[in-house]
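**Student:** The primary structure of each chain is shown beneath.
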Amino acid sequence: MSFHAKMAYDATFQKSARELAPDDAPFAYTPENRARLDAILERYPADRKRSAVLPALYLVQYQQGYITPGAMRAVAEALAITPADVEDVVSYYTMFHTRPVGKYVLNVCRTLSCAVNGAGRVVEELCAKLGIRPGETDPTGTFTLVEVECLGACDRAPVVMVNDAWHECLDPAAAGRLVDDLRARGEAALSGCLHKVEEQ
Amino acid sequence: MPVIEMEQVLIPHVREPNSFTLDFYLAHGGYAALKTALGRTPDEIIEMVKASGLRGRGGAGFPTGMKWQFVDKKIEPRYIVCNADESEPGTFKDHLLMERNPHLLVEGCAIGCYAIGARTAYIYIRGEFHHVQRHLERAIEEAYAAGYLGRDILGSGFDCDVFVHRGAGAYEAGEETALLESLEGKRAQPRNKPPVPAVAGLYGKPSAVNNVETLCNVPIVVSRGVEWYTSIGPEKNGGPKLYCVSGHVKRPGVYEATMNITLRELVEGRAGGVRDGRTLKAVIPGGSSVPILLPDQLDTQASFDGVQRAGSLLGSAAIVVLDDTTCMVWLAENLLHFYRHESCGKCTPCREGTDWLHKILARIERGEGQMSDLDLLASISRNVGGKTLCAFGDAAITPVVTTLKHFRDEYEAHVREGRCTRPAPWRARHLVGAH
Numbered sequence: 001m002s003f004h005a006k007m008a009y010d011a012t013f014q015k016s017a018r019e020l021a022p023d024d025a026p027f028a029y030t031p032e033n034r035a036r037l038d039a040i041l042e043r044y045p046a047d048r049k050r051s052a053v054l055p056a057l058y059l060v061q062y063q064q065g066y067i068t069p070g071a072m073r074a075v076a077e078a079l080a081i082t083p084a085d086v087e088d089v090v091s092y093y094t095m096f097h098t099r100p101v102g103k104y105v106l107n108v109c110r111t112l113s114c115a116v117n118g119a120g121r122v123v124e125e126l127c128a129k130l131g132i133r134p135g136e137t138d139p140t141g142t143f144t145l146v147e148v149e150c151l152g153a154c155d156r157a158p159v160v161m162v163n164d165a166w167h168e169c170l171d172p173a174a175a176g177r178l179v180d181d182l183r184a185r186g187e188a189a190l191s192g193c194l195h196k197v198e199e200q
Numbered sequence: 201m202p203v204i205e206m207e208q209v210l211i212p213h214v215r216e217p218n219s220f221t222l223d224f225y226l227a228h229g230g231y232a233a234l235k236t237a238l239g240r241t242p243d244e245i246i247e248m249v250k251a252s253g254l255r256g257r258g259g260a261g262f263p264t265g266m267k268w269q270f271v272d273k274k275i276e277p278r279y280i281v282c283n284a285d286e287s288e289p290g291t292f293k294d295h296l297l298m299e300r301n302p303h304l305l306v307e308g309c310a311i312g313c314y315a316i317g318a319r320t321a322y323i324y325i326r327g328e329f330h331h332v333q334r335h336l337e338r339a340i341e342e343a344y345a346a347g348y349l350g351r352d353i354l355g356s357g358f359d360c361d362v363f364v365h366r367g368a369g370a371y372e373a374g375e376e377t378a379l380l381e382s383l384e385g386k387r388a389q390p391r392n393k394p395p396v397p398a399v400a401g402l403y404g405k406p407s408a409v410n411n412v413e414t415l416c417n418v419p420i421v422v423s424r425g426v427e428w429y430t431s432i433g434p435e436k437n438g439g440p441k442l443y444c445v446s447g448h449v450k451r452p453g454v455y456e457a458t459m460n461i462t463l464r465e466l467v468e469g470r471a472g473g474v475r476d477g478r479t480l481k482a483v484i485p486g487g488s489s490v491p492i493l494l495p496d497q498l499d500t501q502a503s504f505d506g507v508q509r510a511g512s513l514l515g516s517a518a519i520v521v522l523d524d525t526t527c528m529v530w531l532a533e534n535l536l537h538f539y540r541h542e543s544c545g546k547c548t549p550c551r552e553g554t555d556w557l558h559k560i561l562a563r564i565e566r567g568e569g570q571m572s573d574l575d576l577l578a579s580i581s582r583n584v585g586g587k588t589l590c591a592f593g594d595a596a597i598t599p600v601v602t603t604l605k606h607f608r609d610e611y612e613a614h615v616r617e618g619r620c621t622r623p624a625p626w627r628a629r630h631l632v633g634a635h
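Protein sequence lines, in the order shown, are assigned to chains A and B.
Sequential numbering from 1 applies to the first sequence in this note's numbering.
Sequential numbering from 201 applies to the second sequence in this note's numbering.
No lab work stands behind these hints, which were simulated from the structure alone.
It is possible that some hints are incorrect.
Pairs of lysine to aspartate or glutamate residues, derived as DMTMM-like cross-links and limited to a Cα-Cα distance of at most 20 Å, are as follows [as the list claims (entries may be wrong)]:
{"hint": "1", "chain 1": "B", "residue 1": "K235", "chain 2": "B", "residue 2": "D352"}
{"hint": "2", "chain 1": "A", "residue 1": "K49", "chain 2": "B", "residue 2": "D223"}
{"hint": "3", "chain 1": "B", "residue 1": "K450", "chain 2": "A", "residue 2": "D171"}
{"hint": "4", "chain 1": "B", "residue 1": "K274", "chain 2": "B", "residue 2": "E244"}
{"hint": "5", "chain 1": "B", "residue 1": "K235", "chain 2": "B", "residue 2": "E384"}
{"hint": "6", "chain 1": "B", "residue 1": "K450", "chain 2": "A", "residue 2": "E87"}
{"hint": "7", "chain 1": "B", "residue 1": "K546", "chain 2": "A", "residue 2": "D85"}
{"hint": "8", "chain 1": "A", "residue 1": "K103", "chain 2": "A", "residue 2": "D138"}
{"hint": "9", "chain 1": "B", "residue 1": "K605", "chain 2": "B", "residue 2": "D573"}
{"hint": "10", "chain 1": "B", "residue 1": "K546", "chain 2": "A", "residue 2": "E168"}
{"hint": "11", "chain 1": "B", "residue 1": "K546", "chain 2": "B", "residue 2": "E381"}
{"hint": "12", "chain 1": "B", "residue 1": "K587", "chain 2": "B", "residue 2": "D555"}
{"hint": "13", "chain 1": "A", "residue 1": "K49", "chain 2": "B", "residue 2": "E276"}
{"hint": "14", "chain 1": "B", "residue 1": "K405", "chain 2": "A", "residue 2": "E87"}
{"hint": "15", "chain 1": "B", "residue 1": "K405", "chain 2": "A", "residue 2": "E42"}
Keep in mind the model is a prediction, meaning the values are calculated, not measured.
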């Protein structure tokens, strides 16, 4: 989150050619997601439904890509809290999008250990390749580039998180190739977490 | 001769296929500690953990047994909350534990619940660790199916549930009271203390908040015994420890050792030393929030007390190694960018101070600073440190204070020459703060 408007993470900084849904667009969970939410609610005391606000918002984001005002009202109703309570949370955590994003969100870690391994160069290569700046989505709506803070994979730096998947030990000079690779092969292009010895 | 090299107990098999499965864990003695624990009284387990001297591995090094003893046993329900928000820059040990040895954590949660009389543990995992979360959830499912979690565990009458709760991108959620707020469905902002979580934690109920590595040490204390546990490592710094080494080294990674090991053995031995024929400039021994140590301090013992004697903190044992190409003004700017972004905004000195510090550092780094900015940095730091609800404020000013102390000449050179005097080849070509 950030209180400082000029920071790249700020929602207002995010630009996308994709159209924003109108504020009064209604939202309803699919039956599968509603069932998932009900199962999640079982984990918390019956009078503490509010605890499920983060999982409830993730379900919205997986269902429709980003979180609309209508979805915040639906989450509020499901958890018996106010829409303001939900917006308070959405506006705080960095992993929720309030505007449309690309099919692939490239989250490049920029903090110290990744930075000394060339993360700054990774961002530059990706910017050049996509013709956008951090915080923006490319005109085809395929890629959104975001600089993020420490992802916790400092021994496999530099690391990029693409949606929920990881790509580690990236060669800064070859970062542009990742874009082509993702276009061609989708998430199969990603290294995953390199701890997974079974899959190497 | 102190014991340094030891049989690995936290991450012994993590490079082997299927190390994360229940079958593998059981074949290597898994859940034996839970069986042992359920044959003792909860108070005996707390006494055992107290006697082991196990200190919290999250950063503060507070004795875990004491924390459990402080949990108010008169109030129901009580909770174990596992802090798996691993967000301190340079730290990646819990990630490895949860992905490759998740049953150790599940077993630790169950024993913890038994000890404090809780029947629910929540593991709060950072949102970015979604792939790790899947491993952890699969391990939990396996443990339920095999009767190590759920109702009447191993016929003891003890019930225990373990749930994973996913965060959504907030460094501050690693602070224990902010984590509880987040778990309750609110912004991750710290609470005023007292009351401590042991008295009024999750949902206002007595709770113990423990780091992943801490809870992973609990089954080891129970199965190996107090005598073994205290015998490895220096006095009051016993037990196995995971070290995260990253930065300009040949072999970055997670290394397990006793706390007799020195920073030199970790950096030059385990991690292979500084790479590309460069020389060592500085070491951050405990994550971005702690003071820098210089090359002549490498023989410091990498224990909680050893690093503190050297003027820094072991913190989360995240050792970031920096070679002579590193500009220390750039380093401070990089880390203050982090703190400025991650400040939760609750306390004004931190919210505004981190932004001011970053702005000034960025302009010095760009070559637009003045000599008076150096005193301004020190003055702002004094007005943030110790003036916030949680330790974030003190953490955030540390990169500024420590670089000004040891590398003031680099700041002065930036101002004098009107440019960064050490633009390393691995850095972005664009100017700092250009976007």
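**Student:** Hint by hint, say whether it matches the structure.
**Tutor:** To see whether the hints hold, each was checked on the structure:
{"no.": "1", "hint": "K235/B <-> D352/B", "verdict": "holds, 12 Å"}
{"no.": "2", "hint": "K49/A <-> D223/B", "verdict": "violated, 35 Å"}
{"no.": "3", "hint": "K450/B <-> D171/A", "verdict": "holds, 16 Å"}
{"no.": "4", "hint": "K274/B <-> E244/B", "verdict": "holds, 18 Å"}
{"no.": "5", "hint": "K235/B <-> E384/B", "verdict": "violated, 32 Å"}
{"no.": "6", "hint": "K450/B <-> E87/A", "verdict": "violated, 45 Å"}
{"no.": "7", "hint": "K546/B <-> D85/A", "verdict": "holds, 16 Å"}
{"no.": "8", "hint": "K103/A <-> D138/A", "verdict": "holds, 10 Å"}
{"no.": "9", "hint": "K605/B <-> D573/B", "verdict": "holds, 15 Å"}
{"no.": "10", "hint": "K546/B <-> E168/A", "verdict": "violated, 34 Å"}
{"no.": "11", "hint": "K546/B <-> E381/B", "verdict": "holds, 13 Å"}
{"no.": "12", "hint": "K587/B <-> D555/B", "verdict": "holds, 16 Å"}
{"no.": "13", "hint": "K49/A <-> E276/B", "verdict": "holds, 19 Å"}
{"no.": "14", "hint": "K405/B <-> E87/A", "verdict": "violated, 27 Å"}
{"no.": "15", "hint": "K405/B <-> E42/A", "verdict": "holds, 19 Å"}
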